[in-house]
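Undergrad: Chains as they are written, first to last, in this note's numbering: chain V, 1 to 418; chain L, 1 to 418.
Hints may contain errors.
Treat identical chains as interchangeable: a pair holds within one or across any two.
Taking lysine-lysine pairs in the DSS-like style, the calculated list, with each CA pair at most 27 Å apart, reads [stated by the list, open to error]:
| # | residue 1 | residue 2 |
| --- | --- | --- |
| 1 | K139 | K111 |
| 2 | K379 | K111 |
| 3 | K396 | K27 |
| 4 | K379 | K271 |
Hint data in this document are derived by calculation from the structure and do not stem from the laboratory.
Number of protein chains: 2
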Amino acid sequence: MSALRPDEKTYQQLRTQYEAFQARGLKLDLTRGKPAAGQLDLSNELLSLPGADDYTAEGATDTRNYGGLQGLLEVRRLFSAMMGAAPENVVAANNSSLALMHDTIVYALLKGTCDSTAPWSQQEISFLCPVPGYDRHFKICQDYGIRMIPVPLYEDGPDMDQVEKLVAADASIKGMWCVPKYSNPTGSVYSDAVVERLAAMKTAAPDFRLYWDNAYAVHHLTEEAVEIANILEASQRHGNGNRPFVFASTSKITLPGSGLALFAASGDNVKWLLARLTPRTIGPDKINQLRHVRFLKEPAAIARLMEKHRKLIAPKFAKVLEIFDQHLANVPDVSWTRPKGGYFISLEVPRGCAKRVIELAKDAGVVLTPAGATHPYGKDPEDRTIRIAPTFPTLKEVAEAAEGVAQCVLLASAVVAV
Amino acid sequence: MSALRPDEKTYQQLRTQYEAFQARGLKLDLTRGKPAAGQLDLSNELLSLPGADDYTAEGATDTRNYGGLQGLLEVRRLFSAMMGAAPENVVAANNSSLALMHDTIVYALLKGTCDSTAPWSQQEISFLCPVPGYDRHFKICQDYGIRMIPVPLYEDGPDMDQVEKLVAADASIKGMWCVPKYSNPTGSVYSDAVVERLAAMKTAAPDFRLYWDNAYAVHHLTEEAVEIANILEASQRHGNGNRPFVFASTSKITLPGSGLALFAASGDNVKWLLARLTPRTIGPDKINQLRHVRFLKEPAAIARLMEKHRKLIAPKFAKVLEIFDQHLANVPDVSWTRPKGGYFISLEVPRGCAKRVIELAKDAGVVLTPAGATHPYGKDPEDRTIRIAPTFPTLKEVAEAAEGVAQCVLLASAVVAV
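Looking at chain V on its own, in the form it has when it is part of the complex (with noise of 0.2 Å):
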């Protein structure tokens, strides 16, 4: 290990330091990707939307009353482009797309997809999970009892080699997770040439399905607004069309308690999760859903909507990451994501330090998302990954903590060195 060697007086001056911030007793939680409330400020004209005299959709719908399985038309085609798919193939839901992922899985495992041969739960079953990954798919697989196998995440997506050869060979693994765009927390962006490869590789399982979650489509750091390829037009090109499942929802662009999720798909996979829906509910909540068509309007002003957040919440970023570079930069084994979007920045630190920089942290008042919780069953088996959530504290706040959080990494560094 090529970690910091600093002598007893240099580890002495770390500890005053870290001392000095745990003595300011502050309380700062950057555990969570959570919206702040000047972001949602920017959404409150929902709040009284859609007014009085206003509940008639497309079609005569009166969107008081039941019915509309596939939610509203208006809604499926203002997510279109977001989507990537046509309005046919999208269908808008309540207030979680964490939901609607639980529940194609649990839908699943108790009745197989429109191309599986028996339900899942009649086997084995595996997921492919990126690492490190999205502490809250992970738990949907723990909690069913789905084995999971973590290839490793890089800048441009997962490793496709490892990839490709696990699902070719393992006729278990019926599904992978994967945040396409500004990726939860590393911020990578799936290239081109790994969505193709993700589209067209065979695999050992006919019904084996990409949990797409493509939770940051619009939510950019810079001004460029990244795009990444269509993997439903892709799979459909390498006769995959059945294979991704994609996955967003409103919750980062208004009202994170009360957006709407989102499912796009092939024709098969719809017509498979609206009679999978059916004996479950009658449909969804239209009066949200056309009170996000009377705000959002359009594809361009939900750009506009973005930039605002953008505005809030990358000089946040921008402050992480300059206090990382001003303390950490020489580092030994310390590195950092430069997110260009999504809600997150990944810390490495040092091999084994993980967990002691998390303490260290919570002991001075900065509570960070759990050590292992980017990766599968909570064990980070290098103990080195942690996700900063730089969105919801005030700028000064932020500010704090990555100072704090930049102690508590140079003097656990020190003590693995001493």
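Given the coordinates of chain V, assemble chain L onto it according to the supplied hints.
TA: Positioned in the frame of chain V, the structure of chain L alone reads:
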């Protein structure tokens, strides 16, 4: 069979009357228990609530952001009396109580209840289904391969002798559908004695659950606001505290497409449900919950709102009953319910006639719920039960439709008798 035995002349008269009705070219839909537009208007205030500056719930909760899996405390308090449970024993969810019922079954199938030794899906399981009953309950069972065992439903509840015998003998019986008040479609109200026996009975399955769908808890059609015994209290008293899952919603209080679904149960069951919901979602739409609190305010206001609903729909029920009394009073083997609440009238026609009546009605432009829908697997073994849903059409349309249905019953009965 003691059915009407008309001579050829009478038959021809009935045929002529039916054809005259048919010639009117009506287009009426009595299939589903949907509120009419005028009922929805009663809740139009919701369309502009909570208002642009109003998003803070108790405990300084920003309802716009993530979190709050159990639902807002003020919602759970508001519906505490209606659910017959303390606020901490209530879960407030998104817009569909059917979805909650479905999901609790899915969780039990995949993971078992808090009293199960194995997931339900690992064995053959059965549900008791009082008949006539609600087609959407039966559809869930059918979809997941849960065997349905019909038991007769009387005015005061299911045949408890049969129920007790079945659940005591058969450990595969894990659940029972109950609509305890103003049952769909018969309007049956479970007597205190029936509730007591359901709470007390011995079940072979230790993880047996009553799916207590109290869909019409406050949905009275007469000035007598019928009350039923509290199943949670009774079960607790008999040492079967985990037995009931109580469900309700505001679908027919406020707006069907965008109401709130509610669940109430023992502490263990609530803990179990929240643990099951945790991988699925970060929380329900809290703004819609706040919206409902602002609009409904208190239980007395809910009662006043329901009184307005009653004034709109009771005349429709009265009209159907008046017309049936007028045309069908002396027809052998024809009878119908006189519900004190709920959304349906159940019409019993001579054995083997229901399908024919529904066909005749359809050919005359009156669409009724498909024959058999009130029974498991869509099969009414006696082909006798027809569900009438008079709330959605106007009073004039309801009158026309009821006239038509009466004609169809007379004609079909005559054919059977000839």
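Undergrad: Hints the structure violates: just list their numbers, smallest first.
TA: none
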